[in-house]
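As you go down the protein sequences, you meet chains P and G in turn. Letter 5 of the first sequence, counting from 1, is numbered 5 in full-length UniProt numbering, and no numbers are missing. Letter 31 of the second sequence, counting from 1, is numbered 31 in full-length UniProt numbering, and no numbers are missing.
Don't read these hints as lab results, they were simulated from the structure. One thing to keep in mind: the hints can contain errors.
For chains that are exact copies, the list does not tell them apart, and a pair is met inside one copy or across any two.
Restricting the straight-line Cα-Cα distance to at most 30 Å, the calculated cross-link-like pairs of lysine-lysine (DSSO-like) are [said to hold, decoys possible]:
#1 Lys-88 x Lys-4
#2 Lys-56 x Lys-4
#3 Lys-36 x Lys-92
#4 Lys-36 x Lys-56
#5 Lys-33 x Lys-4
#6 Lys-56 x Lys-92
2 protein chains.
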Amino acid sequence: MTDKLSDTARDTMLAPLLDGGWAMVEGRDAIRKTYKFTDFAEAFGFMTRAAIWAEKWDHHPEWSNVYNRVVVTLTTHDVDGLSALDAKLARKMDTLAG
Amino acid sequence: MTDKLSDTARDTMLAPLLDGGWAMVEGRDAIRKTYKFTDFAEAFGFMTRAAIWAEKWDHHPEWSNVYNRVVVTLTTHDVDGLSALDAKLARKMDTLAG
């Protein structure tokens with residue numbers, strides 16, 4: 001789960017995420033997405049739900065929030081790049097954001 | 001509460017915050033502080049408590065979190081600078097981080 005993603009895994013795991021609003025981060029082996037909600041309460045509600053899964057999986061995002069927007073960056077510091085955990089958390093966040 | 005801080009108010013309201021770890025943001029009339037906690041759960045717990053007050057007061061921070069760190073920037077967009085609301089939320093956050 002925490003090996004760096006192989007080229008094959010990138011095709012199968014990352015491609016659907018990149019089609020769904022995630023993008024590679026310039027200069028880093030990381031993915032980023034901006035979620036927009038109706039207001040702060042909705043945005044922070046999303047963060048709270050995501051935080052519980054992040055803690056449960058011991059895999060934490062880099063993220064920022066300004067009012068109704070949440071910008072999430074995912075990478076795996078232990079492998080200095082993307083792992084399956086990032087894809088798993090990204091999929092979960094997409095589900096939680098509805 | 002949402003007027004831009006006068007010079008006098010800056011002396012009385014901002015000075016104690018700047019002594020307590022807040023700093024002016026370069027190029028903006030805003031203040032910023034980095035809080036460090038023992039782990040993610042403590043950091044996000046702080047954010048959750050602060051979010052409730054921010055929503056209650058309808059005054060929201062710009063903030064980011066990476067694992068045990070939370071960086072908070074406060075300013076009042078309506079007045080294009082610092083207001084008493086920023087000082088009030090900064091003091092509350094310091095208490096909550098306690």
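Results of checking the hints against the structure:
no., hint, in the structure
1, Lys-88 x Lys-4, "within (13 Å within a copy, 45 Å between copies)"
2, Lys-56 x Lys-4, "within (21 Å within a copy, 43 Å between copies)"
3, Lys-36 x Lys-92, "both (16 Å within a copy, 27 Å between copies)"
4, Lys-36 x Lys-56, "both (24 Å within a copy, 21 Å between copies)"
5, Lys-33 x Lys-4, "within (20 Å within a copy, 34 Å between copies)"
6, Lys-56 x Lys-92, "both (12 Å within a copy, 29 Å between copies)"
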